[in-house]
Amino acid sequence: MFGILKGLGVTFGQLTKKKVTLQYPEVKPVWPERFRGIHEFIPELCIVCNQCARICPTSCISLSGSRDANKKMRIDTYDINFEICILCDLCVEVCPTEAIRMTDQFELAAYSREEFYKDMHWLYDNHKEHGTYHALQEAKEQAAKEQAAKEQAAKEAGAKEQAGREPVAASEAATGGET
Amino acid sequence: MFSWQTQPLTGLNFIGMVIGAVVVLAILLLVVMYLIFFLRKVVAWMQNRIGPNRVGPWGLFQSMADVLKLLLKEDIVPAKADRALFLVAPIIAFVPAFTVLAVIPYTAGHIFTAGLNIGVLFYIALSSITILGIVLGGWASNNKYSLVGGLRSAAQMISYEIPLGMSVLGVVMLAGSLNLTTIVQQQATDRFGWYIIPQIIGFVVFMIAAVAELNQTPFDLPEAESELVAGYFTEYTGFRFAFYMLTEFVYLFAISALATTLFLGGWLGPWLPSWLWFAIKTSAVIFFMFWLRATMPRLRVDKLMGFAWKVLIPVALFNILLTGLLSLLV
Amino acid sequence: MMLFGFPITGETVAFFMLALIIITSGVFLMTLRNVMHMALALGGVFLGVAGIFVILGADFVGVVQVMIYAGAITILMVFSLMLTHSGNKAEEGPEVGAVRGIATFVGVAIVVGAILLVIRHTSWPVSPTAMQPYHQSTVLLIADALFHTYTIQFELVSAILTTALVGAVIIARKEEQ
Amino acid sequence: METLHSEEMILNIGPQHPSTHGVFRLVVTIDGEQIVAADPVVGYLHRGTEKLAESLQYTQIIPYTDRLDYVAAMLNNYALVHTVEYAMDLEIPERAEYLRVIVMELNRVASHLLFVGAYLLDLGAMSPFLYVFQEREMIVQLFNEICGARLTYNYMRVGGVKWDAPPGWLAKVRDFLPHMREKLKMYDALISGNEIFLSRVRGMGVITQEEAVAYSLSGINLRSTGLRFDLRKKRPYGIYDKFAFDVVVGQNGDCFDRYWCHFLEMEQSLNIVEQALESIPDGPVLGKVPKLIRIPAGEYYTSIEGARGELGVYIVSDGKDKPYRMKLRRPSFVNLQILSKLLIGQNMANMIAILGAVDIVLGEVDA
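Chains as they are written, first to last, in the numbering used here: chain A, 65 to 243; chain B, 166 to 495; chain C, 44 to 220; chain D, 640 to 1006.
The reader is advised that the hints may include incorrect statements.
[To be verified] Calculated cross-link-like contacts (lysine-lysine; reagent style DSS-like; alpha-carbon spacing at most 25 Å):
no., chain 1, residue 1, chain 2, residue 2
1, D, LYS980, B, LYS468
2, D, LYS811, A, LYS83
3, A, LYS83, B, LYS206
4, A, LYS82, D, LYS822
5, A, LYS83, D, LYS824
6, A, LYS82, D, LYS980
7, B, LYS245, B, LYS309
8, A, LYS70, B, LYS238
9, A, LYS81, D, LYS824
10, A, LYS70, B, LYS245
11, A, LYS92, A, LYS192
12, A, LYS70, A, LYS81
13, A, LYS83, A, LYS70
14, D, LYS980, D, LYS927
Source of the hints: derived by calculation from the structure; they are not laboratory data.
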């Protein structure tokens, strides 16, 4: 009898607790940076090395490319079959140019099977909305600008002081992980 | 206040009575509908969820949408089912559920409720008819899960009907009447106050037996979804399924109202209007049942019968004896 | 207004409806092939009889009739049928010949006629209309009869029933071993 | 006198049934409510993982192991990479080993939480299921941050792990531990003392020690009988010999002991995580591994203590980059054997209690 009362106390205590339900269609979940959603594909970066198609455990990637006028390989078609893709991330892992990446797009439901065959254009469009490519590019440009500004400042400072001392590099931001 | 009980049964009064009954029925249907909503909200809050919140403001129309959906669904009769019984069983279960509500005094004026001299017995007698509907439904479905569910509910409900009736006897002895209105009135003048105080043993037995009668957790073996899918109404769809659901919730309301009337002083209470007191007390009892539902695991089926016959009935008998002794001595 | 020599009041209407229910259920009970359906028909008969009790002013007896017969007994029968009988198989009875059918009909008619005759010729002690059924508690009357007038008989019956119950338990125990 | 007897009937529990935890079919013959015979039918979720592995490189097999015991995928990941590492005799960076232990033990907690919730759901209590999912969600979110997936982690690699912990992750794990301990107390109050629950699991489905060994049970099913057998202690793999923890054992081998062992084992796992967090070193997370992983020809078997028992991977290699043959010892599948024996003579309601306590995951049973 006592145990039952204790249990009743526990459930009663929950009445006023904060509710944990996520109001899904209105409130989307916030995914962490590494979240493995549906791919994005940046054709400009692809060198048609075929590594992603080879590593894919379910063989869901098919691609073809041709050489352009500059004898560089250019991607022509790039299809992922999301009927069998298991979003394992191995293709992203092997890609030498980061042409293929995962996004935070996770909504795959569709009315017909055809919609699961995503081609290059869909994957490219996907990156605009969900991808990190542009954000990364901007961050890179930003970092480059900052770097340039710093170098400029360091140069000026060096010129002023005319001493061989090295400027303090802002390296804190670059160190990941923890001790 | 107008009360049809004291009026002669003329044509006009008869029509008034019918209209009144229909109005009461409509109100009760609404109450029952919101009972489902209340259940889902309470259980959801206890489980840190939000509960229904999509249909209408705060999800208030959710139950209505559910009922509407059930009414619009196809009424499927399995090919191998016993067609006649399958069709009639939900009605057998459903009709007594609403009939028992006729004797419950909702307010001090008790408009449109029957001041039957044997109100308590009437309730217990009619609610046993519902079991027939459940058993027949389980059998007629010609489904093994339904059959086992039906068998279980028959055994369980018959067993728990006895302690339920016995636990009420103490109250009847104190009040000296089987009339529910009289029982409430007696509680106003009783020296112990409401009967929950002198009849606390009876109340506990009543509540346990009531929960068992309602097939509520922890006594929800007839419809244990992890064992029997949905028990006796596994094969039912559409409005026949709705009938069973409604039956269950009408009884939930009815038995809470009965507990309120018998033990908690019915509509008695200061300041507030009597119907509000009745509503508050009934809601409290219902809330308690939902609370149990959110907390308890299911009872073991082989301990179920033993509990009724070896624990509840002796305790209820002891309570009757005690009440008799006390009313003789005190 | 009169119908078949009865005044049309709520009571007579209710009586005829209940009679119809009882007779229909009774006919179903005899003619249906499926045991389960028969059990249901039996429940209908019990309910109708309970209704008649209520009309006669014996509301306590009526409710007890519902509780024990329509409720418990019928369910017990259904329950045992479910446990032991495969149920769905409608058992084919022997074909009833024309001669036998006519003989049955004549026999039933004679019995019904005799009963009716007896009922019409008995002088009942109290006329039903004089009873004022709804304004006195039958529970009190019954209690008075049981605990004052017939106390010894009542206690004797309870003692016999208890003995029977204990005996049944003991017999059941023996079978188990 | 002829005794009253009721007919036996055959009842198909599953493959679609609310309490079989997946597509598991149990053909039971019942007499009234009593079970005369029970015959488990498996294979509805068979995906041929072992056969598929023969045409996959070792790295490619890892995502497939996620789908075996999908409740504890980290442990499956590890079982595979551990065998490959053992076969190749690889050196694993220290930090990677620590990360592995942390995620594995967290995963064990998540898996046991799911067991507790689902088991109580089987027994008819709905709330515990929804409570444990909140804590499980926290763990899953932690995994989501470290490897980008909530269920199919694909986190381990031969020679280490795929990613180092993101900034702040270890602190989050550290914060999670006291919270989890707190919640365990709450579950204890909610469930363990409930008389109705106890009456359903005490003395139910008793496995004796001899039976457990004869049926080659492992994991909690074995330990609940009182046998102190935990591969983390008996045959320490990885860096488990560095941590102090108790092997939780039961006494009676009944359903309650199995439930209780799950409960206590969560605490032990939290202890391991705590110790690992204290001493995790810096460094790389992926060791020196050849680009194409090849195992020298031969046969290799290693096993780890999975969430459900001894989780073993047996690889026959012919020296190529793909296994010649791979066999997985899936604890759920082996533990399932005893079910038919446990169920005989029980009634239907107890069947659910016993089936739930054996704790099978159908992805693993059918592979």
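Tested hints:
1. D:LYS980 <-> B:LYS468: It holds: about 23 Å lies between the C-alpha atoms, which stays within 25 Å.
2. D:LYS811 <-> A:LYS83: 21 Å, holds
3. A:LYS83 <-> B:LYS206: 12 Å, holds
4. A:LYS82 <-> D:LYS822: 15 Å, holds
5. A:LYS83 <-> D:LYS824: 20 Å, holds
6. A:LYS82 <-> D:LYS980: 45 Å, violated
7. B:LYS245 <-> B:LYS309: 12 Å, holds
8. A:LYS70 <-> B:LYS238: Not OK: LYS70 (chain A) and LYS238 (chain B) at ~42 Å, beyond 25 Å, violated.
9. A:LYS81 <-> D:LYS824: 17 Å, holds
10. A:LYS70 <-> B:LYS245: 47 Å, violated
11. A:LYS92 <-> A:LYS192: 18 Å, holds
12. A:LYS70 <-> A:LYS81: 18 Å, holds
13. A:LYS83 <-> A:LYS70: 22 Å, holds
14. D:LYS980 <-> D:LYS927: 49 Å, violated
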